[in-house]
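J.: Just need the whole structure built from these sequences, with the hints factored in.
For the record, the sequence lines run as chains A and B. If you read the first sequence in the working numbering, its first letter stands for residue 181, the second for the next number, and so on. If you read the second sequence in the working numbering, its first letter stands for residue 600, the second for the next number, and so on.
Treat the hints with caution; some may be incorrect.
[Claimed, not checked] To spell it out: a stretch of chain B is covered by chain A in this simulated footprint if at least three of its residues, at any positions, have a beta carbon under 8 Å from a beta carbon of chain A; those stretches are: (1) 693–702; (2) 964–970.
[As the list claims (entries may be wrong)] From the derived model, a few chain B residues whose C-beta atoms are all more than 10 Å from chain A: (3) L633; (4) S642; (5) V804; (6) A870; (7) A948; (8) G985; (9) D1029.
Hint data in this document are derived by calculation from the structure and do not stem from the laboratory. Even glycine gets a Cβ: it sits at the ideal position worked out from N, Cα and C.
So the chains spell out like this:
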Amino acid sequence: MRKELRSLIADVPADFADIRYEVKRETEISFAGKDLKEVGASTTDGFVVRVLKDGGFATATVTSRQDVPRGLKLALEAAEVIVRSGGKETELADAPAVEDTVPLELDGDPREVSMEDKISLVRSYNDLMLERPEIATTNLRYREIYRDKYYVNSQGSAINEELLTSGLGGEAIAQRSGLLQNIRIAVGGSDGYNRLLDRDEMFVERARLAESLLDAQPVKGGRYNVILSPLLTGVFTHEAFGHFSEADLVEDNDSLREKMSLGAKLGSDQVTIVADSTPKGQLGYYKYDDEGVRVRPVTLMEDGVLKGRLHSRRTAAAMGEPITGHCVAEDHRFAPIVRMGTIYVAPGEKTFEDLLSELGDGLYLVDGKGGQTSGENFTFGAQYGFIVEGGELGPMIRDINIMGNLFTTLKSIAAAGDDLQLSERGGCGKGQMNIKSALGGPHVLITDMVVGGV
Amino acid sequence: MKELLEKALEVADQAEVFHLAEESISASLRNGRLKEMGTSIQSGYSLRIVKDGMLGTAYTKNLLDREELVRNAMASLKGRVEASFTFPGPDEMAELDTYDDSVSGVGPGELQERASGIVDFIDGLNVEGEVSVGVGSGSDSIRIVNSSGLDVSQASSEYGGAAMLHYPGTETGIYASFQWPAPSDPDWGYLERQVELYRATIPQVDIPTGRMKVLFMPSSLYALTWRLGAGASGKSFHTETSPLLGRAGDRVLSEKISIYNDPHDMSVTGARAFDDEGVATRRLSVFDKGVFLTPYVNLDYARKLEMEPTATGYRGSMWGGETVAYQPAPSLRHLRFAYGDSGFDEMLAMMDRGVVVFGLLGAHSGNILNGDLSVGLNPGFFVEDGEIKGRVRDGMVAGNAYEMLQKVEAVQDGPYNPAGGSRHPCILLDDVSVSTRES
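T.: The structure is reproduced here in structure tokens:
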């Protein structure tokens, strides 16, 4: 395949060209309540080409091999229009030419597990939740995505990397007297099928939590000091800071670039944030990004000081910073963009009990319910929480969403715990979905957060 | 497609082939300079078969091996997903002229010129902050053939874009969007009004937490319609988890609110003569003057709930994804609000003190099925004595969609954005919880 890809871009009249071909096999099993709604496995494929000519940079994605020449022609035409119109001049930062093959390393290959066994596993977890007395229904979905990626560029790189992610996600919905409450469920990763086995306790516990929410009170809106659970710290870090560490979001705004210049003190002394997709066995693992650059760990913030940024070859050249290997596409339908991969707050030294004591009065918020970023503003939801009074956990609360601003909130992190947890499932939609966006951190204490409440 | 259908029917009792082909080109400009251009040429096939009352599904992008696709669908039968419905046969379909051939000629050069025209117009208004402009043009064609003799197809075209006006020194701002079936200019008057709104909302203001009037603009209404749609979905009725269960005929919202699905509305792009299961589309009233009328369904839930199909079975999700990979699910894709009788300025004048929600963050985070929402203003504008005073710093709006829509003060008498994708009106609500940094 790499030889064929080389031949497809061999005669492109450009300063640089690359091509990615990808085969994607997706297996899905979904339950809605007791109903098995969907079972299937399907394969898709497609090509992505990019060209750089006289500073004009353009892309095309095509399904069929026969459309690749047309895609290249349109991309070249677009690159010429960018140059002719005085558009943005693009350079690509130097990257070593790489020839490599990266096979999967799995603890249990789900492709070798029969569909019947997979259905049986999902059904067993689903039934465990439905057996709970106040669980009205569930939505539970098994999803396995295998990607076989081939990348070739005109500078000599030729890489084949396989990626596989499998997981179970969904929700348990509890109901009493017309009130509905839900709790999300997520297990999975990039390291194989065995991670999904023997998780009965977790599913029962999530169902119990959904039932407990029927007795919880809606949080009262206002300003609070809060402790975030490790996974909620991850959502907060991803939304409040992570997106702004993606260079493509700041490169064109001069005033923001100044505010976000390396060395700027943006957080409190307690905040160290790392992006590291290199450890094997965690959800966000990959070796090469979708422009053939090997990913490396990046310390984004150290003791509150901005230390690094995540780049594509284009943004690294534009900002004069080193490449990091963070230019990633959802699949063969998309040109790659800068994505954060695995991001987490480094643990501190305080125990959870220390943090509760330091908090005194406030809220303890647990587990992420999605977040969103727009510019420097962000929100993130918590699945549930507890009122804390005098350092003691009190009544359970629900309907919790938090809003903040990048430039004020990071300075409000008062302490970080000594525990670290990474998420098992991802799902960041920045124009295209990234199912490998792992996140996490320790418990953290943050002051002065705006919490929306009914 | 016919060949694939025939192969499928060699092993199945019923079969359906869905084909989607799409082409698009897009350009983005920042501060007047063309930054990126991209082209996409995509296609895909989805196969559904029914054998002995069980459903099998498979999809692919390149139809290189028809037998493999049938084998994949046969393999999925092992899951024993029940399918008690029958694929629809030929029916009388609306004749909708949704394709304009001029989109096929839009290349990078024309796209750049049209985008630059928007930039030049905004430059002429001396906007204080940075400006981003994105434009795109595309077309798609859908064809569905099935074992009941259905063979329908529809082509559609679309040209559209948006100008984002960034507040000085930030990446946040407000935008003005437009969508047409063929290459055309934006509504310049609307764009000019959005620049005026932008100017009025550059100052940041701090307001106290409390309950007040809140005006939802069309770009933020999805937080409410998402929750109503989840409740009215046939899926929620089948699982008996809908807050609307047993409420058909009851007034559950203000009588000022009527919501319907109109796939034949040609004033916007995306009109459809049939849904993604080949059912002939029609207007469906879901809430009429606040009274809940009916759930909406796909073929599967129509059968389960023993009701007639509502032609609202569509493939896809809010998060993008591969269309052919999704199975048809109930969807109010063509949701509309009936217009009221108040102008936008009149509605502002009704606000002694309140917030205008232009955009929001976190609509997906709440307890959607129960109708709860707690969303960040992005941006939201503070109004006092009918006058916009500035944009709210760190504000949130929260409540329950069903309860919020019982306190409707006014519905706009037409679309806020005459060129917008939804043509929704603004809706003014009373007594809504707003949380900020100030107590």
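J.: Does each hint hold? Answer for all of them.
T.: Cross-check of the supplied hints:
By the rule of at least three residues with a Cβ nearer than 8 Å to a Cβ of chain A, the coverage given for the region 693–702 of chain B is violated, with 0 such residues. Check result for the region 964–970 of chain B against chain A: holds, 5 residues qualifying (beta carbon to beta carbon below 8 Å, three or more required). Once the 10 Å rule is applied to beta carbons, L633 (chain B) is inconsistent with being away from chain A; the minimum gap is 3 Å. At roughly 5 Å from the closest C-beta of chain A, the C-beta of S642 (chain B) falls inside 10 Å, breaking its exclusion from the interface.
Under the 10 Å C-beta cut-off, the non-interface status given to V804 (chain B) relative to chain A holds; the minimum distance is some 15 Å. Every CB of chain A is more than 10 Å from the CB of A870 (chain B) (nearest about 25 Å), matching its label as outside the interface. The claim that A948 (chain B) is not at the interface with chain A holds, since no C-beta of that chain comes within 10 Å of its own (minimum 27 Å). For G985 (chain B), the condition that its CB be more than 10 Å from all CB atoms of chain A holds, with the nearest at approximately 25 Å.
With a least beta-carbon separation of about 16 Å from chain A, D1029 (chain B) lies farther than 10 Å from that chain, consistent with its non-interface assignment.
The structure shown violates the earlier hints numbered 1, 3 and 4.
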